[in-house]
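J.: I would like the entire structure built from these sequences, with the hints used as guidance.
The sequence shown begins at -18 in the working numbering and counts up one residue at a time.
These aren't lab readings, by the way, just hints derived from the structure by calculation. Computed from a predicted model, the values in this text were never measured in an experiment. Where is the CB? At the ideal position from N, CA and C, for every residue including glycine. Worth double-checking, as some hints may not be accurate.
Claimed, not checked - With a straight-line cut-off of 20 Å between C-alpha atoms, the simulated SDA-like cross-links for lysine to any residue are: (1) Lys0 <-> Lys(-17); (2) Lys(-16) <-> Gly10; (3) Lys(-17) <-> Gly45; (4) Lys(-17) <-> Leu49; (5) Lys51 <-> Arg21; (6) Lys51 <-> Met23; (7) Lys43 <-> Val11; (8) Lys42 <-> Ser56; (9) Lys0 <-> Ser56; (10) Lys51 <-> Val(-13); (11) Lys0 <-> Thr37; (12) Lys0 <-> Arg(-11); (13) Lys(-16) <-> Thr35; (14) Lys(-15) <-> Val25; (15) Lys(-17) <-> Leu12; (16) Lys(-17) <-> Ala19; (17) Lys(-16) <-> Ala15; (18) Lys0 <-> Glu53; (19) Lys38 <-> Glu53; (20) Lys(-16) <-> Gly30; (21) Lys(-16) <-> Val25; (22) Lys51 <-> Val34; (23) Lys38 <-> Ser56; (24) Lys(-15) <-> Ala15; (25) Lys(-17) <-> Ser7; (26) Lys43 <-> Arg(-11); (27) Lys42 <-> Arg(-4); (28) Lys42 <-> Asp32; (29) Lys(-15) <-> Ser56; (30) Lys43 <-> Cys(-7).
Stated by the list, open to error - Label pairs and their in silico Cβ distance ranges: (31) Gly30 <-> Glu(-9): 17 to 23 Å; (32) Met(-18) <-> Glu20: 29 to 35 Å; (33) Cys(-7) <-> Gly30: 29 to 35 Å; (34) Glu29 <-> Glu(-9): 26 to 32 Å; (35) Cys(-7) <-> Thr37: 17 to 23 Å; (36) Ser56 <-> Arg(-11): 36 to 42 Å; (37) Glu(-9) <-> Ser56: 29 to 35 Å; (38) Glu20 <-> Arg57: 16 to 22 Å; (39) Glu48 <-> Gly10: 18 to 24 Å; (40) Arg57 <-> Cys(-7): 18 to 24 Å.
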Amino acid sequence: MKKKVVLRVEMCCDRCRTKALETVASIDGVLSVALEGAERNMVVVVGEGMDPVTITKKLRKKAGHTELVKVEAISRRDGMDNDDHHRRPAAVWNGYPPSYIASCPVCEVDHPTVGCSIV
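T.: Structure follows, in structure tokens:
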């Protein structure tokens, strides 16, 4: 049976969001990962045979403070009748890193600024 897990993760920049999405996508049983919410701080994970506690622990280790908000079972019938299923999420992981990288107080590494590297 499919599960939908919603997690609130403290992510301050696009690099942190990318890292969180990559971490969740690498877990066995995960079918889709998306960001939702006004601040894009809610990670929505849909999958089969995945453990929400394992996902939360991995995100805490890689991305920082993570809170498990909701876990719900999705049946085939509920998925087709649900209007939220047809709504487009705020952001969807596409596998490419962002085109710019800003400084981040949470990350340990200083991010390079956008500009010409030849100068």
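J.: Each hint needs a verdict: does it hold in this structure or not?
T.: Each hint, compared with the structure:
Using a Cα cut-off of 20 Å, the hinted pair Lys0 and Lys(-17) is violated, with the two alpha carbons roughly 24 Å apart. Straight-line distance between C-alpha atoms of Lys(-16) and Gly10 comes to about 10 Å, which keeps the hinted pair within the 20 Å bound. Distance restraint check for Lys(-17) and Gly45: the Cα-Cα separation of roughly 26 Å exceeds the 20 Å cut-off, and the hinted pair is therefore not satisfied. For the proposed pair Lys(-17) and Leu49, the alpha carbon gap of about 17 Å is at most 20 Å, so the pair holds.
Using a Cα cut-off of 20 Å, the hinted pair Lys51 and Arg21 holds, with the two alpha carbons roughly 16 Å apart. For a cut-off of 20 Å, the pair hint linking Lys51 to Met23 stands: about 11 Å separates their Cα positions. Between Lys43 and Val11 the alpha-carbon distance is near 17 Å, which keeps this suggested pair within the 20 Å criterion. The suggested pairing of Lys42 with Ser56 is violated, with an alpha-carbon distance near 31 Å, which exceeds 20 Å.
Between Lys0 and Ser56 the CA atoms are separated by roughly 30 Å; this puts the pair beyond 20 Å, and the hint is violated. At most 20 Å may separate the alpha-carbon atoms for a hinted pair to count; Lys51 and Val(-13) meet this at roughly 5 Å. Note on Lys0 and Thr37: the hinted pairing holds, with a Cα-Cα distance of about 14 Å set against a maximum of 20 Å. Annotation: proposed proximity of Lys0 to Arg(-11) holds, straight-line Cα distance about 14 Å (limit 20 Å).
Of the supplied pair hints, the one linking Lys(-16) and Thr35 holds, its CA atoms being roughly 14 Å apart against a limit of 20 Å. Proposed proximity of Lys(-15) and Val25 is supported: the alpha carbons are some 7 Å apart, at most 20 Å. For a cut-off of 20 Å, the pair hint linking Lys(-17) to Leu12 stands: about 9 Å separates their Cα positions. For the hint linking Lys(-17) to Ala19, the alpha-carbon distance of about 26 Å lies beyond 20 Å, and the restraint is violated.
Of the supplied pair hints, the one linking Lys(-16) and Ala15 holds, its CA atoms being roughly 14 Å apart against a limit of 20 Å. As the CA atoms of Lys0 and Glu53 are separated by approximately 24 Å, the hinted pair breaks the 20 Å bound. The hinted pair formed by Lys38 and Glu53 meets the criterion: a straight-line CA distance of about 19 Å does not exceed 20 Å. For a cut-off of 20 Å, the pair hint linking Lys(-16) to Gly30 stands: about 8 Å separates their Cα positions.
Note on Lys(-16) and Val25: the hinted pairing holds, with a Cα-Cα distance of about 10 Å set against a maximum of 20 Å. Proximity of Lys51 to Val34 is assessed by CA-CA distance (about 12 Å); at most 20 Å being required, the pair is judged to hold. Distance restraint check for Lys38 and Ser56: the Cα-Cα separation of roughly 26 Å exceeds the 20 Å cut-off, and the hinted pair is therefore not satisfied. Proximity of Lys(-15) to Ala15 is assessed by CA-CA distance (about 11 Å); at most 20 Å being required, the pair is judged to hold.
For the given pair, Lys(-17) sits about 17 Å from Ser7 by alpha-carbon distance, which is consistent with the 20 Å threshold. Proximity of Lys43 to Arg(-11) is assessed by CA-CA distance (about 14 Å); at most 20 Å being required, the pair is judged to hold. Using a Cα cut-off of 20 Å, the hinted pair Lys42 and Arg(-4) holds, with the two alpha carbons roughly 15 Å apart. The hinted pair formed by Lys42 and Asp32 meets the criterion: a straight-line CA distance of about 16 Å does not exceed 20 Å.
Our distance criterion of 20 Å between C-alpha atoms is met by Lys(-15) and Ser56, whose separation comes to about 10 Å. Of the supplied pair hints, the one linking Lys43 and Cys(-7) holds, its CA atoms being roughly 14 Å apart against a limit of 20 Å. The hinted range of 17 to 23 Å is not satisfied by Gly30 and Glu(-9), whose Cβ atoms lie roughly 27 Å apart. Checking the proposed 29 to 35 Å range against Met(-18) and Glu20 shows it holds: the Cβ atoms sit about 31 Å from each other.
For the pair Cys(-7) and Gly30, the supplied restraint of 29 to 35 Å holds, since their beta-carbon distance comes to about 32 Å. Here the CB-CB span from Glu29 to Glu(-9) is close to 28 Å, well matched to the stated 26 to 32 Å. Between Cys(-7) and Thr37 the C-beta distance comes to about 19 Å, which sits within the given range of 17 to 23 Å. Checked against the hint of 36 to 42 Å, the pair Ser56 and Arg(-11) fails, with Cβ atoms roughly 25 Å apart.
With their beta carbons about 32 Å apart, Glu(-9) and Ser56 fall inside the hinted range of 29 to 35 Å. For Glu20 paired with Arg57, a C-beta distance near 32 Å fails the hint of 16 to 22 Å. Between Glu48 and Gly10 the beta carbons are some 21 Å apart, a value that agrees with the proposed interval 18 to 24 Å. Arg57 and Cys(-7) have their C-beta atoms about 38 Å apart, which leaves the hinted 18 to 24 Å range violated.
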